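My numbering numbers the first residue of the sequence shown as 154 and each following residue consecutively.
Derived by calculation from the structure, the hints in this document are not laboratory data. Remember, it's a predicted structure, so these values are computed and weren't measured experimentally. One or more of the hints may lead you astray.
[Unchecked claim] DSS-like cross-link-like pairs, simulated, lysine-lysine; straight-line CA separation at most 27 Å: (1) K312 with K189; (2) K355 with K189; (3) K304 with K183; (4) K187 with K304; (5) K355 with K312; (6) K183 with K355; (7) K312 with K183.
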Amino acid sequence: MKLEREIQVATSLAMQAGEVLWRHQSRHPKVEYKAKGEPVTMADIQADSIIRAGLNAAFPNDAVFSEESADSQSRLSCSRVWVVDPLDSTSNFVELGDEYCVSIGLSIQGQAVLGVIYNPARDELFTGFSGRGVMLNGSPVETSEVSDVEKARITVSRKEWRRGIVMLSTTLRIEPMSSMAYKLARVAAGMDDGMFSLTPRKEWGTCAGVALVQAAGGQASLLDGRRIAFNRFNLRQPLGMVAAGSPLHSLLIERVRNLSPAMWDECGGVCRKSDDPWSAIPTQQDPTNEGRNGL
154 MKLEREIQVA TSLAMQAGEV LWRHQSRHPK VEYKAKGEPV TMADIQADSI
204 IRAGLNAAFP NDAVFSEESA DSQSRLSCSR VWVVDPLDST SNFVELGDEY
254 CVSIGLSIQG QAVLGVIYNP ARDELFTGFS GRGVMLNGSP VETSEVSDVE
304 KARITVSRKE WRRGIVMLST TLRIEPMSSM AYKLARVAAG MDDGMFSLTP
354 RKEWGTCAGV ALVQAAGGQA SLLDGRRIAF NRFNLRQPLG MVAAGSPLHS
404 LLIERVRNLS PAMWDECGGV CRKSDDPWSA IPTQQDPTNE GRNGL
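Full structure from sequences and hints, please.
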């Protein structure tokens, strides 16, 4: 797959947007709230404007699906869709943390094929696409070869950490980290061995990271092992997700399968009334995760 121009444009835009975020953070940004209580700042809006304008100019026939812009159902008929989170983990950003990032992904026919993730606070730039591999600040990287779940470094969201997910297993090395996109990028670069989320996630913060993990030789899937489709009608995926190096991926899924039903319920998983958290998961034939293009 030839996506050299796409990766160049996305990289430039991510770094421009990252510079905006870094500049705003140093000024202690004012926080406002969306209708559902999610934080947003002028940094989100300005970064979004830069990315959208750049993508629309470079690829006028592509759709752009961004968290900070109104969604258009017309994207569902497009084969190429840029899935953007101009500031993933606004909460970490406003708390003056260093785990937020810019996330720009490209979905073609419902599959995540290209990702650019830039963390301006740590000056880490992750870039890659299917067939080319992944680079971290210009150097080739790949997912880890760790195959022992109990020796693997696993990350989860800080929200799930606070809900007590670490109490489920004293044998797993689970650590908290903000930003879905950043967690996925770190897995792609072998900085962490795997990550998982019990909570169904939205596309904006996952498309680029999923593309990077897969391009780096790893695997990313829903909690039941199905692949993750993008450019869907529903904003959230039907389940949470797991990403890891290939030797670890299936083992991590199996370990997550054994989490307590109570924790699934607390973290927003699929279990609500059953004693078996997996009894509520759709079967492989369930089309709920299929993209508009059947992918």
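So which of those numbered hints doesn't the model satisfy?
Hints 3, 4 are the ones this structure does not satisfy, whereas the remaining hints hold.
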